[in-house]
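In order, the protein sequence lines correspond to chains A and B.
The numbering of the first sequence is my numbering, which starts it at 1 and goes up by one.
The numbering of the second sequence is my numbering, which starts it at 1 and goes up by one.
These aren't lab readings, by the way, just hints derived from the structure by calculation.
Predicted model only: the values in this text are computed from it and were never measured.
Some hints here could point you the wrong way.
[Stated by the list, open to error] Label-pair distances were calculated between CB atoms; the ranges are: (1) B:M134 x A:E228: 44 to 50 angstroms; (2) A:K87 x B:D16: 14 to 20 angstroms; (3) B:H23 x A:W183: 40 to 46 angstroms.
[Unchecked claim] Taking lysine-lysine and the BS3-like style, the derived pairs with C-alpha atoms no more than 27 angstroms apart in a straight line are: (4) B:K130 x B:K117; (5) B:K117 x B:K250; (6) A:K184 x B:K183; (7) B:K211 x B:K103; (8) B:K85 x A:K184; (9) B:K258 x A:K184; (10) B:K169 x B:K205; (11) B:K344 x A:K179; (12) A:K179 x B:K115; (13) B:K284 x A:K179; (14) A:K184 x B:K250; (15) A:K80 x B:K85; (16) A:K86 x B:K106; (17) A:K179 x B:K109; (18) B:K182 x B:K105; (19) B:K250 x B:K76; (20) A:K179 x B:K169; (21) B:K250 x A:K179; (22) B:K109 x A:K87; (23) A:K80 x A:K179; (24) B:K85 x B:K105; (25) B:K56 x B:K115; (26) A:K184 x A:K33; (27) B:K308 x A:K80; (28) A:K80 x B:K56; (29) B:K284 x A:K184; (30) B:K109 x A:K184; (31) A:K179 x B:K107; (32) B:K310 x B:K284.
No residue lacks a Cβ here, since even glycine has one placed at the ideal position from N, Cα and C.
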Amino acid sequence: MKRKYLSAPYLIWVVGFILLPLVTIAVSALMDKNGSFTLENILSIIDPINRQALLLSLGIAFGCTVICVLLAYPAAMVLKSLHLDKKGFAIFILILPMWMNFILRILAWQMILSNNGVLNLLLGKLGIGPLHISNSWVALMIGTVYDFLPFMILPIFNAISDIDEDTIEAARDLGAGSKAVFWKVILPLSAPGMVSGVIMVFVPAMTSFVIADILGGGKLQLIGNIIEQEFTKSMNWHAGSGLSISLMIFVLVSLAFTMKNDLKDKGTTVW
Amino acid sequence: MSDMILELNDISKSFDGKKVIEHLNLQVERNEFITLLGPSGCGKSTTLRIIGGFEKPDTGRVIFNGQDITDLAPDKRNLNTVFQKYSLFSHMNVAENIAFGLKLKKKSKAYIQDKIKYALKLVNLEGYEKRDPMSLSGGQQQRIAIARAIVNEPDLLLLDEPLGALDLKLRHDMQRELITIKKEVGITFIYVTHDQEEALTMSDKIVVMNKGIIQQMGTSKSIYDEPRNAFVADFIGESNIIDGIMLADKMVSILGRKVACVDVGFGVNEPVDVVIRPEDLEIKEAGSGYFDGRVLSVLYKGAYYEIKIKTEDYEWVSQNVTAPSVGDMVGLYVLPDNIQIMHKPRSEDAEVTRE
Chain A
1 MKRKYLSAPY LIWVVGFILL PLVTIAVSAL MDKNGSFTLE NILSIIDPIN RQALLLSLGI
61 AFGCTVICVL LAYPAAMVLK SLHLDKKGFA IFILILPMWM NFILRILAWQ MILSNNGVLN
121 LLLGKLGIGP LHISNSWVAL MIGTVYDFLP FMILPIFNAI SDIDEDTIEA ARDLGAGSKA
181 VFWKVILPLS APGMVSGVIM VFVPAMTSFV IADILGGGKL QLIGNIIEQE FTKSMNWHAG
241 SGLSISLMIF VLVSLAFTMK NDLKDKGTTV W
Chain B
1 MSDMILELND ISKSFDGKKV IEHLNLQVER NEFITLLGPS GCGKSTTLRI IGGFEKPDTG
61 RVIFNGQDIT DLAPDKRNLN TVFQKYSLFS HMNVAENIAF GLKLKKKSKA YIQDKIKYAL
121 KLVNLEGYEK RDPMSLSGGQ QQRIAIARAI VNEPDLLLLD EPLGALDLKL RHDMQRELIT
181 IKKEVGITFI YVTHDQEEAL TMSDKIVVMN KGIIQQMGTS KSIYDEPRNA FVADFIGESN
241 IIDGIMLADK MVSILGRKVA CVDVGFGVNE PVDVVIRPED LEIKEAGSGY FDGRVLSVLY
301 KGAYYEIKIK TEDYEWVSQN VTAPSVGDMV GLYVLPDNIQ IMHKPRSEDA EVTRE
């Protein structure tokens with residue numbers, strides 16, 4: 001009985017802040033302005049503008065996830081090899097930027113990447129450039145990777161740390177060089193960590209709009225930006241809800257697909 | 001020289017300034033079952049890790065098949081290790097685990113299939129190919145680990161306390177099986193354990209180590225019957241170790257009594273350690289042995305009784321098939337042949353004889 005009592009706040013949380021809003025959005029998505037049933041809002045995802053935004057979101061999120069994996073593995077391997085007392089500090093440094101306001105960090109990138117920014121100043125001294133990165137997908141990609149990289153490194157690092165040193169020695173003993181040890185032992189054994197990282201990077205990268213707002217200079221429309229505009233500028237909540245639902249279905253389907261391919265029977269640890 | 005598979009020449013190793021192995025010399029003959037035996041921290045596992053290539057010695061060389069492999073990486077050495085914690089690959093099934101080394105050597109599929117079958121048969125786990133190793137019992141996992149090592153046909157198999165995590169009954173079964181496997185595959189085994197009984201049962205040759213130094217090397221029988229110092233006597237089986245003084249050849253004074261022995265060549269009046277095995281200490285009627293004492297305790301051990309007897313200055317342990325009653329006065333006797341006399345160590349620190 002006591003246990004049920006303790007779970008009450010979470011129940012209120014789940015119902016009040018997760019289920020209820022979800023239902024509201026779903027209902028709103030299935031209504032037109034006059035309150036009658038329609039699928040138009042949800043299907044508006046295939047309008048050319050929306051479709052283009054969705055594809056761009058998908059591209060950015062996919063690219064960002066791939067780059068994050070490629071950057072995170074070497075970083076996690078380096079972290080693992082550090083001596084115990086330095087390890088804590090290195091992880092602290094890694095997480096430190098996350099304690100600063102998200103918008104500020106993106107604004108900083110805007111300053112760095114702008115035509116007269118720090119990057120072009122430095123490149124100019126070397127006689128290169130100037131590069132016109134700002135307000136392009138490159139800037140958007142840099143900002144997104146910068147923002148989400150720690151969410152990829154930490155789970156991968158945790159998974160790699162959990163691998164028993166004896167297992168690696170056993171592989172070496174059986175004739176595996178450093179490369180074979182990585183591809184045949186470390187990578188498969190840390191796959192659950194990588195999947196966690198992929199979820200934590202891919203989903204927010206897919207749905208975010210603030211980074212595109214600031215680093216895209218309003219020229220790059222992600223699906224998140226369009227949804228935001230439906231709610232704040234067009235004041236068309238039905239259309240915004242419909243697009244949100246479509247996006248959510250899209251994310252769920254693509255994640256389920258990743259799970260099935262990557263994990264087989266180990267998926268429970270991640271979900 | 002031709003039948004030497006491995007030589008350790010003057011190996012020393014320290015960790016953080018603490019000496020773990022000191023000037024160790026060891027020669028292993030081809031097809032031998034050699035056991036490194038000692039308490040934890042005696043340097044036996046480090047010695048094995050140096051042979052396996054996981055540690056580099058500070059000084060000294062490792063010669064394997066006539067070739068200096070001291071600086072060679074583990075994956076370049078034609079020897080394999082069976083780890084204490086099995087260390088199977090949890091993301092692979094049993095067959096994939098066993099095939100790991102062979103696939104790296106790019107052997108043909110048919111060859112690998114044959115080898116997996118053969119190895120599983122050898123370790124009595126036929127039909128386990130598709131099983132998940134993590135679902136197997138400890139004993140089964142260790143068998144897979146052994147199979148995974150021997151399919152590579154190493155010249156030398158290193159076993160680091162492979163039975164340490166198993167219960168007693170299973171350990172005894174596995175000891176017998178390991179000997180069978182050894183005979184079948186004809187590979188040289190270097191076995192590390194702290195279990196003296198295991199060492200005595202399985203080995204052709206035992207190397208007793210303490211504090212990074214070899215205390216004694218020899219067959220099970222020679223080590224048990226003729227321990228070279230008090231450490232070996234104490235570590236290998238139970239012993240009564242008593243201070244004595246050598247009076248003359250074949251005559252030693254123990255607790256003030258003259259006792260006949262068979263040892264010669266000690267100095268007159270030299271203080272010595274006297275070792276008497278519990279099973280060699282005979283219990284007679286009071287007054288008819290060397291010493292009289294009172295029975296302190298009698299413990300039934302299955303095949304024999306373990307009896308503690310207190311004489312004036314010493315508490316003796318005897319193993320006997322019949323038991324006196326607690327509180328009885330009894331006499332203690334030992335045959336001259338069953339007394340082992342040893343020089344006292346020169347210093348407290350090193351109960352040691354350098355090879």
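We went through each hint and held it up to the structure:
1. B:M134 x A:E228: 44 to 50 angstroms: 47 angstroms, holds
2. A:K87 x B:D16: 14 to 20 angstroms: 19 angstroms, holds
3. B:H23 x A:W183: 40 to 46 angstroms: The hint (40 to 46 angstroms, Cβ to Cβ) holds, given that H23 of chain B and W183 of chain A are roughly 41 angstroms apart.
4. B:K130 x B:K117: 12 angstroms, holds
5. B:K117 x B:K250: With Cα atoms ~60 angstroms apart, K117 of chain B and K250 of chain B exceed 27 angstroms; violated.
6. A:K184 x B:K183: Cα-Cα ~33 angstroms, so violated.
7. B:K211 x B:K103: 40 angstroms, violated
8. B:K85 x A:K184: Holds, because 20 angstroms separates the two Cα atoms, which is no more than 27 angstroms.
9. B:K258 x A:K184: 70 angstroms, violated
10. B:K169 x B:K205: 24 angstroms, holds
11. B:K344 x A:K179: 54 angstroms, violated
12. A:K179 x B:K115: Holds - the C-alpha atoms of K115 of chain B and K179 of chain A are around 25 angstroms apart, at most 27 angstroms.
13. B:K284 x A:K179: Roughly 70 angstroms between the alpha carbons, so the hint for K284 of chain B and K179 of chain A is violated.
14. A:K184 x B:K250: Answer violated: K184 of chain A to K250 of chain B is near 66 angstroms, above 27 angstroms.
15. A:K80 x B:K85: 21 angstroms, holds
16. A:K86 x B:K106: Violated, at about 40 angstroms.
17. A:K179 x B:K109: Holds: K179 of chain A and K109 of chain B sit about 22 angstroms apart, inside 27 angstroms.
18. B:K182 x B:K105: 23 angstroms, holds
19. B:K250 x B:K76: Distance of about 55 angstroms is beyond 27 angstroms: violated.
20. A:K179 x B:K169: Not OK: K179 of chain A and K169 of chain B at ~41 angstroms, beyond 27 angstroms, violated.
21. B:K250 x A:K179: 66 angstroms, violated
22. B:K109 x A:K87: Distance of about 43 angstroms is beyond 27 angstroms: violated.
23. A:K80 x A:K179: At roughly 16 angstroms apart (the allowed maximum being 27 angstroms), K179 of chain A and K80 of chain A satisfy the hint.
24. B:K85 x B:K105: 25 angstroms, holds
25. B:K56 x B:K115: 32 angstroms, violated
26. A:K184 x A:K33: At roughly 57 angstroms apart (the allowed maximum being 27 angstroms), K33 of chain A and K184 of chain A break the hint.
27. B:K308 x A:K80: Measuring from Cα to Cα gives roughly 55 angstroms; hence the hint is violated.
28. A:K80 x B:K56: 21 angstroms, holds
29. B:K284 x A:K184: Violated - the C-alpha atoms of K184 of chain A and K284 of chain B are around 68 angstroms apart, more than 27 angstroms.
30. B:K109 x A:K184: Cα-Cα ~18 angstroms, so holds.
31. A:K179 x B:K107: 19 angstroms, holds
32. B:K310 x B:K284: 14 angstroms, holds
The structure does not agree with the numbered hints 5, 6, 7, 9, 11, 13, 14, 16, 19, 20, 21, 22, 25, 26, 27, 29 stated previously, though it agrees with the rest.
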